[in-house]
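Number of protein chains: 2
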Amino acid sequence: MLEDKNQERTSLSSLGEFGLIDHLTKDIETNQSTTLKGIGDDAAVLDFKDKRTVVSTDMLVEGVHFDLSYMPLKHLGYKAVVVNISDICAMNAKPTQITVSIAVSNRFPLEALEELYSGIRHAAKVYDVDIVGGDTTSSQKGMILSITAIGEVEEDDVVYRSGATNTDLLVVSGDIGAAYMGLQVLEREKQVFEVNPNNQPDLEAYDYLIERQLKPEARKDVKGLLKELEIKPTAMIDVSDGLSSEIMHLCKQSKVGCDLYEEKLPLDPQLINVCEEFNLDITTVALSGGEDYELLFTIKMDDFEKIKANPNFTIIGHMTEERGGIHLVTRANTKIALKARGWDAISEDEE
Amino acid sequence: MLEDKNQERTSLSSLGEFGLIDHLTKDIETNQSTTLKGIGDDAAVLDFKDKRTVVSTDMLVEGVHFDLSYMPLKHLGYKAVVVNISDICAMNAKPTQITVSIAVSNRFPLEALEELYSGIRHAAKVYDVDIVGGDTTSSQKGMILSITAIGEVEEDDVVYRSGATNTDLLVVSGDIGAAYMGLQVLEREKQVFEVNPNNQPDLEAYDYLIERQLKPEARKDVKGLLKELEIKPTAMIDVSDGLSSEIMHLCKQSKVGCDLYEEKLPLDPQLINVCEEFNLDITTVALSGGEDYELLFTIKMDDFEKIKANPNFTIIGHMTEERGGIHLVTRANTKIALKARGWDAISEDEE
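Those protein sequences? They're chains B and G, same order as listed.
For the first sequence, my numbering assigns the number 51 to the initial residue and increments by one for each residue that follows.
For the second sequence, my numbering assigns the number 51 to the initial residue and increments by one for each residue that follows.
Keep in mind that the hints were calculated from the coordinates and are not lab data.
Treat each hint with caution, since some may be false.
For identical chains, the list gives no copy identity; a pair is met inside one copy or between any two copies.
[Stated by the list, open to error] Only pairs whose alpha carbons sit at most 30 Å apart, straight line, appear in this in silico BS3-like list of lysine-lysine: (1) Lys277 with Lys76; (2) Lys302 with Lys76; (3) Lys76 with Lys305; (4) Lys101 with Lys282; (5) Lys302 with Lys175; (6) Lys273 with Lys101; (7) Lys389 with Lys76; (8) Lys240 with Lys191; (9) Lys277 with Lys358; (10) Lys175 with Lys101; (11) Lys277 with Lys302; (12) Lys240 with Lys356; (13) Lys175 with Lys389.
This one's a predicted model, so the numbers in the text were calculated from it and none came from an experiment.
Make a model of the complete structure from these sequences and hints.
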């Protein structure tokens with residue numbers, strides 16, 4: 051839809067690489083006390099004093115991870131930052147800085163990059179992180195974003211994927227499956243639009259699902275919520291590829307098994323309605339959908355009373371001995387082996 | 051030339067994203083004492099204690115920054131790491147960790163990624179840095195590499211671009227211009243090869259230039275060399291886009307002018323011969339070539355005696371007042387204004 055806009059466009063080549071980087075970054079300020087030097091030198095300089103530094107990086111490729119025909123550039127910029135910040139939160143750390151590298155083909159005018167950058171900067175503001183570096187260059191085709199997120203954490207607060215033990219409870223924040231169904235709705239609308247461009251879609255019945263897909267949020271609040279409850283997770287991961295896949299990561303790295311209860315899965319009412327409309331099995335969607343960016347973690351059984359009534363969290367299962375395997379306990383009370391059916395960027399690709 | 055090989059090939063889609071990442075990273079070890087946790091969690095965990103952390107990132111795009119028809123994948127991997135480590139060295143810091151993100155189209159078999167990764171790992175070994183994270187995904191076209199390098203530095207050792215003052219001496223490590231001429235030689239050979247694929251090139255007369263282009267090294271040694279000389283640079287930058295361009299960055303950020311002496315430029319004898327053969331002006335090549343990955347820095351005039359006879363460094367000019375401007379003093383002793391003609395990735399792009 052980019053090509054349809056009839057607005058003024060500035061070609062990237064008229065600015066040159068340095069001009070473009072200067073233009074996009076000229077009024078970026080830094081607010082974190084740990085940022086001594088941001089953009090403008092060979093490298094950023096940070097000072098974490100006695101805290102641990104955590105670093106995570108993600109690459110997003112047009113046509114593989116996003117489709118600009120229904121993903122506004124501002125939302126894309128926002129989401130690209132959120133995805134990386136979510137990884138920092140999954141270490142029980144506080145996100146503090148990001149670097150942003152962008153490769154774009156000349157099909158994009160300067161105004162498109164400004165839109166993208168406005169989303170990136172909005173996310174940086176919302177999550178209180180400094181943009182301290184990056185790179186902007188041309189691509190042969192499409193847009194590629196690579197973001198590195200940095201965070202800080204006290205030595206005693208770090209939570210790895212590997213700390214879960216037998217009898218620990220499995221907990222997830224928020225609800226799951228909605229982002230995936232949001233994508234299904236958007237893809238259906240895209241097909242409708244291609245058949246009849248004058249058709250005005252009414253997406254009100256899908257607003258939550260679409261928001262979860264286009265403007266996900268990282269659970270930066272979970273660290274504080276758990277601290278208030280006086281709970282330290284034993285293991286943690288963010289739900290980016292799908293709940294099944296993340297549970298299997300936790301189990302593999304912690305060398306435990308897991309019983310997950312189908313009836314406990316936290317599902318939004320809108321998701322339930324739309325799964326029915328699309329004739330999709332809601333448990334499959336919740337387990338394999340992905341892109342929820344909720345936090346999945348384990349806690350000691352003794353912490354049950356502290357968390358059971360908290361509206362932010364749902365206990366969805368418990369860890370078992372490794373030889374017990376990883377199972378879904380269905381509503382009919384049968385146990386079936388869980389399979390990772392997370393979204394797989396490589397195998398979807400075709401050239 | 052990739053397509054010409056008749057070796058066994060494994061398609062990336064047969065592995066899936068997790069399988070591919072596991073395969074490429076399975077025996078990566080960490081050696082740095084600052085690396086508490088490397089690959090395998092949502093983020094790496096590092097501990098720099100009371101030292102400063104420096105972070106730099108670069109994106110390399112096939113067809114824009116490299117041409118696989120004469121750049122072997124192993125060399126590309128090595129160079130991609132070197133380019134980023136050079137930025138860390140330019141802060142007078144010690145490189146400690148890297149993250150590596152790769153997007154590739156399905157045209158690349160697993161064996162190609164293994165080659166690339168072997169170069170990345172070799173560089174990590176040579177420069178003693180840990181590979182602590184990254185992402186591997188598919189692209190719509192070609193290969194894109196995004197590397198983030200992390201380093202550590204004592205508070206008092208950090209050198210910015212902005213610290214040069216009037217009368218400081220301008221110094222460069224090694225020699226310059228060779229990497230650019232190496233590229234010219236390789237491009238000529240590519241054209242010869244396209245006309246007659248049976249022609250066996252004799253590149254012995256160009257070996258130094260080609261090595262500078264295909265296997266550049268970052269000057270990780272300069273920090274130690276200067277420490278031995280008891281010199282702390284006042285400002286520093288690495289020569290990636292061309293000497294002119296880097297001098298202008300130093301002058302702009304330090305708010306000074308500069309007189310650069312043409313006769314002082316450190317040039318390899320092979321470069322002199324080949325510039326003659328190609329009928330190119332050697333000063334233009336030295337000033338605008340780029341990709342030398344030498345360090346350009348300023349020192350106090352009082353340090354002249356300490357450095358003047360050192361074979362690793364050449365004094366090529368001195369800083370002046372800002373209103374003096376930035377000039378090249380030619381062999382004929384005329385002053386001409388210096389222009390940034392560094393290599394510009396954006397304006398070269400065509401779609």
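When the hints from earlier in the document are held up against this structure, which numbers fail?
Result: hints 1, 12 and 13 break, sorted rising.
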